[in-house]
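K.L.:
Spelled out from the first residue to the last, the chains are:
Protein chains: 2
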Amino acid sequence: MVRDATTRARRQQRREGGGAVPSGPAYIKRAIPFYEFLDEDGLVKIEEQADWIISEIGLEFRDDPAALKIWKDAGANVKGTRVRLDKGHARELCKTAPSKFTQVARNPARNVEIGEDCVVFAPVYGAPFVRDLEGDRRYGSLADFEKLVKLSYMLPSLHHGGLVICEPCDVPVNKRHLDMVYAHMRYSDKPHLGAITEKSRAEDSVKMARILHGDEVVDNNCVIMANVNTNSPLLVDKVVTEAIQVYCGQGQGIVVVPFILGGAMGPVTTAAAVAQALAEAMMCGAFSQLVKPGAPFVMGNFLSSMNLRSGAPTFGMPEPTASNYIIGQLARRLGVPLRCGGSLTASKLADAQAAAESADSMHSTVMGGANFVLHAAGWLEGGLVTGFEKLIIDADRLGGYQKLLGGVDLSENGLARDAYHEVEPAGHFLGCSHTMSNYETAFYESSTSDSDSFEQWSERGSKNTAEIAFDRWNQMLKDYETPPLDPAKDEELRTFVEQQKASRPDAWY
Amino acid sequence: MVRDATTRARRQQRREGGGAVPSGPAYIKRAIPFYEFLDEDGLVKIEEQADWIISEIGLEFRDDPAALKIWKDAGANVKGTRVRLDKGHARELCKTAPSKFTQVARNPARNVEIGEDCVVFAPVYGAPFVRDLEGDRRYGSLADFEKLVKLSYMLPSLHHGGLVICEPCDVPVNKRHLDMVYAHMRYSDKPHLGAITEKSRAEDSVKMARILHGDEVVDNNCVIMANVNTNSPLLVDKVVTEAIQVYCGQGQGIVVVPFILGGAMGPVTTAAAVAQALAEAMMCGAFSQLVKPGAPFVMGNFLSSMNLRSGAPTFGMPEPTASNYIIGQLARRLGVPLRCGGSLTASKLADAQAAAESADSMHSTVMGGANFVLHAAGWLEGGLVTGFEKLIIDADRLGGYQKLLGGVDLSENGLARDAYHEVEPAGHFLGCSHTMSNYETAFYESSTSDSDSFEQWSERGSKNTAEIAFDRWNQMLKDYETPPLDPAKDEELRTFVEQQKASRPDAWY
Chain U
1 MVRDATTRAR RQQRREGGGA VPSGPAYIKR AIPFYEFLDE DGLVKIEEQA DWIISEIGLE
61 FRDDPAALKI WKDAGANVKG TRVRLDKGHA RELCKTAPSK FTQVARNPAR NVEIGEDCVV
121 FAPVYGAPFV RDLEGDRRYG SLADFEKLVK LSYMLPSLHH GGLVICEPCD VPVNKRHLDM
181 VYAHMRYSDK PHLGAITEKS RAEDSVKMAR ILHGDEVVDN NCVIMANVNT NSPLLVDKVV
241 TEAIQVYCGQ GQGIVVVPFI LGGAMGPVTT AAAVAQALAE AMMCGAFSQL VKPGAPFVMG
301 NFLSSMNLRS GAPTFGMPEP TASNYIIGQL ARRLGVPLRC GGSLTASKLA DAQAAAESAD
361 SMHSTVMGGA NFVLHAAGWL EGGLVTGFEK LIIDADRLGG YQKLLGGVDL SENGLARDAY
421 HEVEPAGHFL GCSHTMSNYE TAFYESSTSD SDSFEQWSER GSKNTAEIAF DRWNQMLKDY
481 ETPPLDPAKD EELRTFVEQQ KASRPDAWY
Chain Y
1 MVRDATTRAR RQQRREGGGA VPSGPAYIKR AIPFYEFLDE DGLVKIEEQA DWIISEIGLE
61 FRDDPAALKI WKDAGANVKG TRVRLDKGHA RELCKTAPSK FTQVARNPAR NVEIGEDCVV
121 FAPVYGAPFV RDLEGDRRYG SLADFEKLVK LSYMLPSLHH GGLVICEPCD VPVNKRHLDM
181 VYAHMRYSDK PHLGAITEKS RAEDSVKMAR ILHGDEVVDN NCVIMANVNT NSPLLVDKVV
241 TEAIQVYCGQ GQGIVVVPFI LGGAMGPVTT AAAVAQALAE AMMCGAFSQL VKPGAPFVMG
301 NFLSSMNLRS GAPTFGMPEP TASNYIIGQL ARRLGVPLRC GGSLTASKLA DAQAAAESAD
361 SMHSTVMGGA NFVLHAAGWL EGGLVTGFEK LIIDADRLGG YQKLLGGVDL SENGLARDAY
421 HEVEPAGHFL GCSHTMSNYE TAFYESSTSD SDSFEQWSER GSKNTAEIAF DRWNQMLKDY
481 ETPPLDPAKD EELRTFVEQQ KASRPDAWY
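Respectively, the protein sequence lines represent chains U and Y.
Quick note on numbering: the first sequence equals residues 1 to 509 in my numbering.
Quick note on numbering: the second sequence equals residues 1 to 509 in my numbering.
Quick caveat, the hints were computed from the structure, so don't treat them as lab data.
A portion of the hints provided could be inaccurate.
Treat identical chains as interchangeable: a pair holds within one or across any two.
[What the hints assert, rightly or not] Here are the simulated DMTMM-like pairs of lysine to aspartate or glutamate, each with C-alpha atoms no more than 25 Å apart in a straight line:
#, residue 1, residue 2
1, K292, E198
2, K199, D452
3, K463, D136
4, K87, D409
5, K199, E445
6, K403, D39
7, K463, E445
8, K207, D219
9, K478, E56
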């Protein structure tokens, strides 16, 4: 079944003139409403709390005097490193941020729209380990990284490459970003993120984007974004403010994510944690607009619950599920795109726990209205591990969400009245004209779910989902074809990477 | 971890005065809004189509002349076995059905409310096979059945026992219902369903309820319900009409479920299948109210998609997910309780496929507004198999949905302003007063999800979810204590079962 699907997909791709290029739309445009979890009163309570935090408690902005100067110039109340804004000021500053923007890809057919009714899925980010059925759990390597970039490129329901699909731990820390950004530019033509861990690495990322796209395109478009976390509670360090200055300063995009493990980096109650996340995100959004009004800013949210006997973070639980719905409402009211959720789990394996937690997390992510979903596929073990099989299983489910977000056809054909003239009560619709003319597109076709009979499934070796996914990603890598890239640009990118690497000694921190 | 949780739960139960009795509320009262998938125009289109089907195409009511007489007396257009109602008539007749009703359990603390903002979870129904990690896949037996009744009794997030948790295939078909109903009455004190497969079996079920509850209680309350499927498309046979007459005739409840595999028993497009389901359900609802105005009627819906290469049904896919949301809206507009969805999957194993499909199915089931959820736990392989581990894994997730449906605390404590006076920016909330006073109830505590570190998990044997669930249900059966039952009633029930069994030869159909 898997092979059949692959073969057919390749045939289709060949027809479309490419090699093993991904099919499917560049991004999702949702046709269904958002779910409104809280009422107006509830939303106002949380917004007032966020305003109270910003005006009364304030946020720390540390290690970046330039950031404090920007705040002072904007009329903020700055005492030492503590920054407070009058109620409503942060929200007002966020108004210049676009509610939707385009991230340009090197292949224009893969440009994505981020915001409003558009949804973009990207894979897991930041895991030091990888896991697959063959190699078990191990540190990620550059070879793993490149495989994961190739798979993400081929998976039709991933619209964006993210960046750190796994940590290439065999490359020195201060040089990794060069290899990672290059791999995304070379082995995929989907949009991706740049580095943030240090100012020079952020700058290198934008420089490489300038080589790839040319200055004129970069100066007039968002071609690269970066994703950076606050140090909750209420601390924004220079990694954040420098990344905003590097990316937004050049008109590029920034995603800022308050990462709150409830009970540790924020209060243990969901409403309070969401309010704190809103406060942190609004302040970073405001800062991005002070750096460059109109720069693309994505409000992030990453709220995790906790096992209160062990202190370990838990995922896919009802509290973060509720927060996905609520933060969606808050982001729409603020008028900025939202990143939240993902296919998250604490499970070590691509098993039932992993899938159940990922599904509840992701279902609320898409129904709640996230616009950019990092960690949409491949996340295991609280984000410590990128799972090869998990990537495939999640991406398959993402295709289902894509279909769900498309809504239901209510046209004459969708309602199928004619079919009842052809099929009598107690008859069957299997061969009727309406079925024949609609069956190819009627239902989502899963590539990892097995719906065959017990006997057929047994004959094929009684494989579980992970085993089916293992076969699939191995076959995909065999089918992979590198998307074409202007050799001169490729050469220029390689030279830049080599020069940067040669210019500094290896560092492992 | 699992053992700790069990031990603590048992301690708590002991404190509460019982043995190994389930904790948790008797049913869920939702505190969050319903998700509105379609707008008014879309809903009207589907309702008009249902009315068109009822008035123009009509439904077949076969093999039950009494049913045809009831329709004729009500002014229906009856030609042969085809029954048509004027537009709006079926909806009008449904108006006497209660929007919410109580099913009385033998333990009054376990009475459930079905309808409006109340949600009741019941296990899988009707599987001929069972599967567990030790015994693999096999025909269900009465011994399996009794174990499953005991587990369902003990699981705090199952509020209702359903009936055919598996088929006890070692008992003759014409006697199974007696053993099944007795097992629910004896080994659990939660409410349950009665038999429907033949009129005498339905009558036996209500007779046993009369023994258990006494005539006065039965004549004035719903103490037993039954679940019956139409023969889609548009065929209602005597199994349905007789079950309605037996149960509703005595003021008991009925759940009628159009079971539509899209492309076979209904059109391949979701809107059409939902409209057909609404037409079938409205007609059966109308019929129930003609039998006895005010009888508890639950509108059912079971819409499955199809693998269009093999014709096999698929579950947890985006089309039935959408239908769960839509049918919820339609049921609320009709003003009757809804049964739909469940933890459905085509997977053979309690693996990632099973969990992902079950979660998307169930998430939409609860957010869409189902009131009575059969198949909420234990379903595998398209309903052919009851999985012991799947039952445990699903039930654990149901506890999460229960928490989600409870909404988010927006009180002063929920917003936790005081915590920010105690915890400075860049501090941590782990030991603060607000965390200490809230941590016990802040987060859902899962009994099957493992959130421990890789090292801890490895030391315990690197168990996947199914293995964790296997340990748990085996421990639960060791801890099981039969809820007390008046020995005289027990004797009377046993005597009735024995007499009925002795009165007829074994039949295996």
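K.L.:
Indicate, hint by hint, whether the structure satisfies it.
P.N.:
Hint-by-hint comparison with the structure:
no.	hint	in the structure
1	K292 with E198	within (20 Å within a copy, 74 Å between copies)
2	K199 with D452	neither (53 Å within a copy, 35 Å between copies)
3	K463 with D136	both (18 Å within a copy, 14 Å between copies)
4	K87 with D409	between (45 Å within a copy, 24 Å between copies)
5	K199 with E445	neither (44 Å within a copy, 41 Å between copies)
6	K403 with D39	between (28 Å within a copy, 18 Å between copies)
7	K463 with E445	within (19 Å within a copy, 31 Å between copies)
8	K207 with D219	within (12 Å within a copy, 81 Å between copies)
9	K478 with E56	neither (58 Å within a copy, 56 Å between copies)
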